[in-house]
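Heads up, the sequence shown is in this note's numbering, so the first residue is -10 and it goes up one at a time.
Rather than coming from a laboratory, the hints here were simulated on the basis of the structure.
A portion of the hints provided could be inaccurate.
To be verified - Quick list of in silico lysine-lysine cross-link-like pairs, DSSO-like style, CA-CA up to 30 Å:
no., residue 1, residue 2
1, Lys275, Lys264
2, Lys305, Lys288
3, Lys163, Lys288
4, Lys99, Lys23
5, Lys17, Lys305
6, Lys275, Lys163
7, Lys288, Lys17
8, Lys17, Lys163
9, Lys23, Lys288
10, Lys305, Lys99
11, Lys305, Lys23
12, Lys99, Lys288
13, Lys219, Lys305
14, Lys163, Lys264
15, Lys99, Lys18
16, Lys288, Lys264
17, Lys305, Lys18
18, Lys288, Lys275
19, Lys18, Lys288
20, Lys18, Lys264
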Amino acid sequence: MRTCGFSLLLALAFLALHHGVCHGGQLKKIFYLKSCPRAETIVRNITWSRVAANPALPAKLLRLQYHDCFVRGCDASVLLDSTNGTSAEKDAIPNRSLEGFDVIDEIKAKLEVECPLTVSCADILALAARDAVSFQFGRAMWGVLSGRRDGRVSLASEALDNLPSPASDFNTLKQQFADNGLNIPDLVALSGAHTIGVAHCVVFTRRLFNFTGNNDSDPSLDPGYAATLKAQCSSPRNTVAMDCNSSSSFDSHYFVALSQNQGLFTSDATLLTDKHAANFARFYQKFNVFLAQFGHSMKKMGAIAVLTNNEGEIRKNCRAVN
-10 MRTCGFSLLL
0 ALAFLALHHG
10 VCHGGQLKKI
20 FYLKSCPRAE
30 TIVRNITWSR
40 VAANPALPAK
50 LLRLQYHDCF
60 VRGCDASVLL
70 DSTNGTSAEK
80 DAIPNRSLEG
90 FDVIDEIKAK
100 LEVECPLTVS
110 CADILALAAR
120 DAVSFQFGRA
130 MWGVLSGRRD
140 GRVSLASEAL
150 DNLPSPASDF
160 NTLKQQFADN
170 GLNIPDLVAL
180 SGAHTIGVAH
190 CVVFTRRLFN
200 FTGNNDSDPS
210 LDPGYAATLK
220 AQCSSPRNTV
230 AMDCNSSSSF
240 DSHYFVALSQ
250 NQGLFTSDAT
260 LLTDKHAANF
270 ARFYQKFNVF
280 LAQFGHSMKK
290 MGAIAVLTNN
300 EGEIRKNCRA
310 VN
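Make a model of the complete structure from these sequences and hints.
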């Protein structure tokens, strides 16, 4: 397997340099050590129990955190329900298929008994997303800094404006990620979350059936893969695996499939149109390298525009402001 023109040792050194980026705000390790010492254990135990019963949860919780952090930062605004006259983020079109809210509710209810008004919904979401992925490996796969507080505002219009689209081209994605302090290695690594989970056919059906308006398919798709997807997407309501043949395992197969022109979304395929992104996509085919960068990028994403200290609040119920 190629390593993008440089050795593994040099590449690991490159990643180590990027690990020096600070993670914003006042987030800390073991933030709840004194105020709620069992907090992280409670999050892990409930999350692992739920994932054991529903292996689809890791993809859902990762997506939930991703959609939260790209709108107003990681403040749990995506968890808020709409109120009279105000449509919340979760009711925006890109968010209507989000799931996993009930897991966060269960964890929050337990923590409110253990440590009332202490652990934020934003921290619960960050921890649960990490723990859901980690269940497969039986250990925490990256560190999560805590100390986030919860936002009080959630607007569907902001979700529409700020969430990256699966139909985006590379320059659009690069700019949206840069606006949130994330670089090309982060963009490519976080795209690797598509190694698990499924997608609704309606999201990418144009790539298959009417790419240029002439009843054609996207020529960047592997023809055999396109034919398989067409057969699976006889209805736009159907779902397909985002990582063909490996959608239930968190691994680096996404990048192998991408190299074979089997990226499901335009936003996947477009990573190969930029020299630097394509190099990272090839490099991340090595699972240990991908995992190291993915964990680092999740920490960076989890620190986007966080509320800390006296900002925001600690919600009693993740679905409503206090």
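### Query
Hey, Lys18 versus Lys264, does the alpha-carbon distance stay inside 30 Å?
violated, 36 Å
### Query
Keeping to a limit of 30 Å between CA atoms, is the pair of Lys18 and Lys288 held or broken?
Judged against 30 Å, a Cα distance of about 12 Å means the pair holds.
### Query
Regarding the pair Lys305 and Lys288, is the alpha-carbon distance no greater than 30 Å?
holds, 25 Å
### Query
Between Lys163 and Lys288, does the CA-CA distance stay at or below 30 Å?
holds, 18 Å
### Query
Is it true that the CA of Lys99 sits at most 30 Å from the CA of Lys23?
holds, 18 Å
### Query
Straight-line Cα separation of Lys219 and Lys305 no greater than 30 Å?
Cα-Cα ~46 Å, so violated.
### Query
If you draw a straight line from the CA of Lys305 to the CA of Lys99, is it 30 Å or shorter?
holds, 11 Å
### Task
Verify the proposed pairing of Lys23 with Lys288, using a straight-line Cα cut of 30 Å.
Holds. Lys23 to Lys288 sits at ~23 Å (cutoff 30 Å).
### Task
Sort out whether Lys264 lies within 30 Å of Lys275, counting only the CA atoms.
Holds: Lys275 and Lys264 sit about 18 Å apart, inside 30 Å.
### Message
What's the verdict on Lys99 and Lys288, does the C-alpha distance respect the 30 Å limit or exceed it?
### Response
At roughly 25 Å apart (the allowed maximum being 30 Å), Lys288 and Lys99 satisfy the hint.
### Message
Hinted pair, alpha-carbon criterion (30 Å max): Lys288, Lys264. Please report holds or violated.
### Response
holds, 25 Å
### Query
When you check the alpha-carbon spacing of Lys288 and Lys275, does it fall within 30 Å?
Between Lys288 and Lys275 the Cα gap is close to 20 Å, so the pair holds against 30 Å.
Hints 13, 20, counting from the list given before, are not met by this structure.
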